[in-house]
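Novice: What follows is each chain in one-letter form.
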Amino acid sequence: MEEEKKDKFLAPENEIRQVAAPDGSIIEVNPLEDYFTQDRPKPYKVRKGPVEDFLNWARAESLWVLGFGTGCGSIEIPPLVTPRFDMFRFGIQMRATPRQSNVFVISGYLSVKTLKRAIRAYEQMPSPKYIVGLGSCTINGGMYYDSYNTINRLDHYLPVDAYIAGCMPRPEALLHGFEGLKKIIKAGKGHKANEYIENLDWYKANQKKIIKDWNMPDYNW
Amino acid sequence: MDYSIEKFLWSLLGLFIVLNWGFLMASTMRRVGARLAGRIGVPMYQPWIDLVKMISLKTYLSHGVMYYIGPVFRLVGGIGMFLFMPILVGSEIWSNYSFSGDLILLLYFQSFGMLGMAMGASDSGSPHAAIGISRGLSQFAAVEVPMTLAVIAIAIQHQTFSFESIMQAQQGGILNWTIFTNPLASIAGMLAMLGAMSHSPFNLVKAPNEIPIGPPTEYHSSFLSVLRTNSAIIHVVEAALFMNLFFGGADTWFMYIIKTFFVYFISVFVGTVFPRFKIEDSVRWFLKWPTLIGIIAVLVAAYW
Amino acid sequence: MQKGINNLIEKFGASDLEVRRPGLSFITVENTKAVAAITHLKDIDGYTILSLITAVDWIEDGIMQLTYLLNNPEEIAEIGLRVMLERKEEAGESMETIHHLWPNAKKWQQELKEMFGIDFPTSPGLNDPFILEGWDAAPPYRRDFDTNKYAEETFFPRPGRETHDPAEHMKKNMYPNNPSDYTNKKYNPNR
Amino acid sequence: MDLKKLLTPFTAWGNITKDPVTIKDPFNERPGADRYRGFHKNDIDQCIGCGTCEVICENEAIDLVPVSDSKDGDSGLRPMIDYGRCCWCALCVDICTTNSLSLSNEYTWVSTDPEDFRFVPGVDKKDWDNNEKGWKKPDNYEFYSLKRVHMDELSPEERSDSFIEMMKGYSKEQAQQEADRCVQCGICTATCPAHMGIPEYIKAIRNDDLEEGLRILYDTNPLPEICGRICTHKCETVCSMGHKGDPISIRWLKRYIADQNPSEKYKEILEVENLQPKGKKVAIIGSGPSGLSAAHYLALMGYEVKIFEKLEAAGGMMRYGIPEYRLPYDQIDKDIDYILSLGVEIQYNVTIGKDITLDQLGKDYDAVFSGTGLHLGRSTGIPGSDNKHVYASPDLLRWIVEGKEFEVPESVVVIGGGNVAMDITRSMARLQMVKYGKVQVIATALETEENLPADLEEVVEGREEACIINAGWAPVEIEIKDGVPTGLHVVKCNSLFDSEGRFNPQTDPNVKEFWPGTMIIESIGQGMDLSYISEEFKTKLEFGPRGRVQTDEYFQTGVEWFFMGGDIIEGPDVIHGIANGHKAAVGIDIMLNPEKN
Amino acid sequence: MAKSKLFTMNEDRSLYPELDVNGKPIVDLTSHKYVKIWQGPQHPGVTGNMSLELTISGDEIVESKTHVGYLHRAFEKLLERRLFVQCMPTSIRLCVAEPDTNEYVISNAIEELGNIEVPEMAQWLRMLSLEMARLQVLLRQVPGQAGTFALGLGYQWGSYIRDLILDSFEELTGGRVYHMYIIPGGVRGLLPDGFKARLLEKLKLIDEFIPKIDKLIFNNVVFESRARGLAYIPKEWVDEYGIYGPASRGSGVSRDVRKTNPYLKYDQLDFEPFVTTEGDVYARTEVRRADLIMTVDLIRQILDKMPEKGDIKAETPNVLHWKIPKGETYSKCESSRGEYGMYFVTDGSAMPRRVNLKGPSYTHANALLDKLLINANIADTAAIMVSLATCPPEIER
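Protein chains in written order, with my numbering: chain B, 470 to 690; chain A, 4 to 307; chain Y, 174 to 364; chain P, 71 to 667; chain F, 8 to 404.
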C-alpha cells in the first residue's frame, strides 16, 4: 500500500528506468538512489575558544540571505535592499542560490508545495545555517491556521533560530530580527543546523507526513 | 629571469597588496553604487568578513574532481596574470616575473581561468552554471577579438610584446600614453575591457535574474572564497593591464592604486546606468564596433 | 445586453433571470445547451471575453452550479451563465469543455477538476496537477471537505491553548448549582 | 544607435552628490504612526471579559483566560492573544464593547522560542503598555448599533388617565433589530437571579424561532409575560453593550417572545403532555412568583401540587402590588393559567395559621413551600406618621386592584424613591386625573437624582405624567391640621452613606421645603408577616439579620419538609422569587428522592 | 525593430520541435539539443513564488509551462467559514502587492448583496486608498521593468518613494502593507490632521522622479533595444486570452473599469487612460509610466474634490450575526494590473457560500505567458513576466 502510494506521485524523471551505457550495455537506473546521495548527514563539530568566537563574529556580520520569497512576507524584503532601510550596511546581503546563503527567511506561511522546496533549499545550504521565521504564520499557523494547504508550526519541519512577530512585520522589525539572530550567533548558539541533523528522523517523519509525494532523496546535500 | 626567494617574497607581498586593494575597491565601488541609489551601502570591511565567513562554513558536497579544481584554475589564472605583469614601471623589485613576451602570455592567462571555471562549473551539474559558462565563453571569445586587435596595434606601434617596454615607452608625460598616441587601439581596448570586467551591460554571464549567479551557482564556502579572492585580484589585475597598456602604467604604488581605481571605475560608470545585453547582442556588438575600430587601429599602426 | 438575454431565453430556454445591476445579469441554462449558448453569446452577441468559470456547491440541494461569466466589452455588459449539474456524492460531475472557444478555459477547467472534481472530457491537460501537489483527499473545494478538521489533523497546531466561555466560566465560579440544569436534564425526558 | 539615448542615462550619476536617504537608526528613528496597529494593550479594569474579541477574531488568536474572580458584570476572564495567530487587523479593538482594548504603535518582538508569543495584555506587563499612540476605534464607526430600539408607548396624554398598559411591545422588526445588537457574551446570565439563558433566547429572536425562545424561557422562568414587563432587569445593568451605548432591552425581548406565543399552544411548544406522576404531594403557601415558580417546576417533575392563597386571585404582589398600566391582569392570568393547566391546584381565600395550621399542612403533604412575600408597609416613624390618612403603599395598591372605594385627594405626597413609590405615585396621578382632570402628586426621595432606586424610565415616565419627583430630600415631619395631614416638611439630604458604606443620612436642616398634600403615602419598603407561623414552630427555625429565616442553598429551613423562598428570603423582586421557587423545587425533589441523587 | 517579424517568429515553429495534436511539442531530451530547466520557485527572476518549466535550446525557449500553487492557501475555502466582516483581514492577503483592491471588491460585493449604501465621504476615502495603492505598485513596477534587465537604479529610487507612500498609508490606515482600511459599510477612519499636505509633498517627489527615470530608462539605448519588440501582443489576442489593464492598453485596446463601469466617485474625476498600439514590453512600460502620472493627478483631484467631513461608515447589522440573503454578484474594480473581480455568492447564512477571485494574472500567467515565452530568450523571461505583472497569489489564491 505504502509502495503503491509512493509510486503514484513519482515524477516521470524519477522513475526507475533502463538506459544504454556508452559501451552499449543496458543498465537499470534508479534516479532517487543513484543520482543523489542517501547518506545520512553528519553534524559538524562545534568548537569553542577565541578562534571560534572570531568565526562566529564573522558569521554574524556577514549574513547572506537566500532570495526565496516563500510567502507574502517577501514583500518587505525589497524595502530592505532599497534606500530607505538598506540592510547592506549591517552586513546582510541577498544571494540567489542556496549554496551561497546561510540565512533562510521563511517569509510567512508555507504551503505544502513550497515546504518541499524550502526543505530542499535549506538542506542545500552550507552549515552553519539559520532560519528566521517571519510573522504569525510560522509560529502557529497565523491567518491560515485552518487551511488544508499551509503548515501551522514551522519548527516541526525545519529548525528555526528566531521568530519575528507581525503580519506583516515592518522592515524595522525584520532588521530587529536580524540583529537578534546576530546576537544568537555571536553567543555561539546558532547551531540549529546540527539539531536538525541530530533529530533528522523526527523532522523527516513530520515532513513526510504532510508531503505526500516525497519524490526526492531523504537529504539533499 | 630571477628565481630567488627574495624575488618570490616581493611578488607575494605585491599579491597581498593587490588582493586587499581588490577587496577594498570592491566595497568602495559597491558603496559608490549604493550612494547613487541613495543608500549607504556595505561597510568598507565587508569583503574580508565575507571571506572569513565563507571559509568558516562547512562543506560536505562533492561534484567530482573538476569541481574542486575549477576554482583553483580560476585562481591560478588570476595569480598568473598578476605574476607575469610588472606592477610598477621601471622597478626591479616590483617587476614580478615579467619577460619579453609577457603580453602574449597574459592574453592566454586571461582565458585560462575562464576555461578552468568552465570545466569546474560544468562538473557541478547545475544547468544554470552550464548556461552561464556557455554564455561566458561565447562572450569571452567575442571580447578577445577587439582585445587582441588592440594589443596587436599597440605591439606594432611599440614594436614589442613586452609590458615593460610598452610601459617605458609611455613614460615622460601624459601625452605619451597610448590613449593619446594610439587612440583607436585604446578605444577598441577599453570597449573590450567593459566586456572583460563583466560589468553591466556585459554581465550576462552571472545574470542573477535568470541564471542565479551563473557559473558559480553551486560553489560555496571555501570554494567560493577562492573565487572571491580571485575576483578581487583579477579586477585589479585587469585594471592594471589596461592601465599598463593605455594609461602609462604606474611608477609608484600610489599611482597604481589611483589608476587602477579609475580604470575599474570606467566599467562601473558605464555599468551602473545601463541594463545588460542579451548574449547574442553583446557578441554582435563586440564583433561590430570594437572589432572594426581594432582592425582600423591595426591597419593604422601597421601602415602609417 | 437585453438582446443577448432575449436570445438566451428564446433560443436556449434560459430561465431564472436575475438582474443584479444594470450591466450584470445571471441566468440559468440547461447543461446540454450551455456550450451552444456560450458559443452563440461569443460569436453573435459580442460576449467575447471569458471573465471566469467557477463552481458553487449547493450540497443541500444536490446541485453543482457552474458559472460562466462572459463580458461584452462593446455594450459594457456581463452575463453570468449558470449551469446546474447534478451533484454526485463522490465527485465526478461532467460538463462539456469550452477550451476551443478560449485558450484560457482549459486552465479554469483544470482547476475545477482539481478543486471540485468536475470532469471536462477532452479538455487538454485536464488531469495535470495545477495547484495541489500529491493531494490524496477529496477535492478540497467541495462543501463536504472540512478544511479545519483536515488542518487540525495534519498540521500539529501548537498545543497549550485553552479558552473559557464567559458565561460558562461565570457559572462555574458563581452559581455552580443552577437549578435549570437539574430540571432540564434529569426530569424532563423530552428535552 | 541614437547618441542621445546613449548619453542621457549617464545623467543618473548626478545623484552621486546627494546624500543617502537611508534611515540612520532604523530601530528608533521611525516609530509606528499614530494609528499604527502594533501590539495589544488592554485596560483590564475597564475590560469585563465579555469575549467579543474572541468571537470576532477570524484567526482564533484570542483565548479568554481567568485572571481574577468573577463578579457581576465581569467574568474575571481577560483575552490572551496568540501572536502565532494574530494578524493585527484590529477588529477586536473595533468591536470591543468597553473600549478597553487598543493597539499600541510598538511592533518589534523577536524571540527564539515560539511559545513566547502569547500574553494577556494588561496583565503581563509589556514595554508598550503605556504607549499612548496606536490604533483606537475611530469615532462614528461601530460594528453594531449602540442605540436601543425604541418601544412604542402610549403618549403621556393618552395614558395619564387610564390604566391601559402603556408599553405597546415590540413588533417583529423592532425585536429583531434589538436582538441584533446583542453580542451574545452571556455576562448577563450570571447576574440574572434566575440565570436565564438570555443570549440564547435573544438568538432565538434573531432566528425568528420564537417557540425555541419560549422553551428557553421556561427552562428558568415560568412567568415570562410578567417578567417581560416588570422585571427589575439586573441583567441590563451589566449588559456589555451598556458600556458604550444603551444596554440591550432584554426585558422587552423576553416579553416579545411571550407575547408572540399564543397561550393555547404553550403546552405543545413546551412539550409537557406526558408528565410522569410521582405520587407525592407538595403544598405551597402563597401564589406569588416564588410559589408559582415552585409549583411549575414541581408539577413538571410529576408532583401533585396545591397552592393555598389568602386572597381571591393568584399572583400575590404581582397582581396586588403592581399597577395595571404596567402589568395587565390578562397577562398575569396567561402565565398563571398555564401553570395551573399543568395540574396545579389552587385554593383561594385560605389563610394559613387561621384556616389550617402549618403543622397540619406538614402532615398532609410531603413538603411545604412558603413564599408569602412582603405585604406590610414600613413606616418612616416621623412625627405625624401614625395619622390614619398616612397610608402604606401596599395597602393602597391592593385596594386599587380590588376596586375598593377610597377617597382620592387632590394632593398627595409620596415618601420614597423606589419602584413601588413610583407605582403608587403614578397610580394616584391616574386616579386624580380621572377624578379632577389634573394631577398633583409629589414623590420625595432621600437619594439624589442620579442614585434614585427606581428605574430611570419609571421616573421619566412619571414626570411625563405630570408627577413631581423630588430627589434628595429627607422627610422630617408630617404636618397635621384637624386630624388631616396638610403636607410634609422635608430637609435637604446630602449623603446617604458614611465613609464605611453604612446607611447614615446626612441632612442639612437649613434647606427646608414643605410639600403640601392631604394624603401622605409611605413607600419606603415592605416588611414580612410571619404571623401564620406559630411561635412553637418558629423555635425550630433559625432567624438571621432583619428577621429573615435562614435557609440552606435549596431554601430548606430547619424543618426538613418546610421550604421558604421569595421576598421573605431574598429580594424583593419578582425574578428573585422565581429563582427561589425554582431552586426550592429542586431542593424538595432532592429531599423527597434522596436515592436519585 | 520590426515587430511584425517577431510576431511571425512566435507563430513559426519550423525550426523547433513539431507539435503533436494536442499542441504539445515533441521534444526529445536525450537528443542533447534541448535542456529542461526550472525557473523558480526559488529563483530571483520570477515574480513571486511560482515556477516556469522551460525547455531551452541554447538561450532560446522552446517550450514553457507555468507551475503555480506554491502560494495556495485556499482563501476561497477559508472565506466559506468566516463571517462577512472576518472575510476582510483574510481576503486582503490575496494579493500582497496591492491589497486594497481586494478590500474594495469584497466590501463592495457584501454591500451590494446586503443592500448597504456607503456614505459619500467613505467613497472618496476608498478611492484615495485605491489610488494610493496603485501609486505604490507603479512606483515599483515602472522602474522594476528596467530592473529585470539589470538596471536596478530606477527601482531603488522608486522604492524609496514607495516607502514614503506606505508611510502615508500607515498614517491613514494604521498598516504598512495590509491596510484593512475599507470595511463593509465604509472605511476605518478620516484623514489624520495634516495628511493632505504631507501627501501632496510626497507627490512632488514623484514629479521629480519621472524625468529622472525618463532619462535613465526610457532614453536608454540598451533598455530600448531589449524592450522594443519583446513579447508582442497583437490586438486580436486581447479578448481571446483575456488580457486586462496596462497589458491591453499597450496593445491598443482601452480597457479600464474606472471608465467603463465607473465605481465609487470615478465619474467625478477627469482622466483618460493612456493607450498605445505597439504591444511590446516597451509599450506596456510606457503605459505604466503614463498610469503613474495619471494616478498622481487623480490623487490630487481626489484630495481637491473630497469633502472635509462626513460619515465614514454606514450602519450595518451587528457584524457578529450579519446574514445576507441568497444572491450572487460579480464585483470588480481596476487594479494596477487590470480588471480585478470577485464572484461572490451568499446563501442567507452569516458566511459567504462561495467566493471566487479573478485577477488578471490568472489569464496573463497561464496561457498567455506560456505562449509569449516560446522563442523568447531566457534572459527575457523576467522582463516578460514583469511586463504582464503576474502575481502568483491571485492565480492560485
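What the hints contain is simulated information worked out from the structure, not anything from laboratory work.
Hints may contain errors.
Stated by the list, open to error - Simulated crosslink set (DSBU-like; lysine-lysine; CA at most 35 Å straight-line):
(1) P:Lys141 - F:Lys333
(2) P:Lys217 - F:Lys222
(3) F:Lys312 - P:Lys304
(4) P:Lys206 - F:Lys222
(5) P:Lys458 - P:Lys351
(6) A:Lys209 - P:Lys75
(7) P:Lys141 - P:Lys380
(8) F:Lys330 - Y:Lys322
(9) F:Lys312 - F:Lys222
(10) Y:Lys322 - B:Lys678
(11) P:Lys94 - P:Lys238
(12) P:Lys424 - P:Lys458
(13) P:Lys314 - P:Lys351
(14) B:Lys652 - A:Lys10
Novice: Run every hint past the structure and note whether it holds.
Specialist: Verification of the hints:
no.: 1; hint: P:Lys141 - F:Lys333; result: 42 Å, violated
no.: 2; hint: P:Lys217 - F:Lys222; result: 60 Å, violated
no.: 3; hint: F:Lys312 - P:Lys304; result: 51 Å, violated
no.: 4; hint: P:Lys206 - F:Lys222; result: 45 Å, violated
no.: 5; hint: P:Lys458 - P:Lys351; result: 44 Å, violated
no.: 6; hint: A:Lys209 - P:Lys75; result: 26 Å, holds
no.: 7; hint: P:Lys141 - P:Lys380; result: 39 Å, violated
no.: 8; hint: F:Lys330 - Y:Lys322; result: 24 Å, holds
no.: 9; hint: F:Lys312 - F:Lys222; result: 33 Å, holds
no.: 10; hint: Y:Lys322 - B:Lys678; result: 16 Å, holds
no.: 11; hint: P:Lys94 - P:Lys238; result: 69 Å, violated
no.: 12; hint: P:Lys424 - P:Lys458; result: 27 Å, holds
no.: 13; hint: P:Lys314 - P:Lys351; result: 50 Å, violated
no.: 14; hint: B:Lys652 - A:Lys10; result: 46 Å, violated
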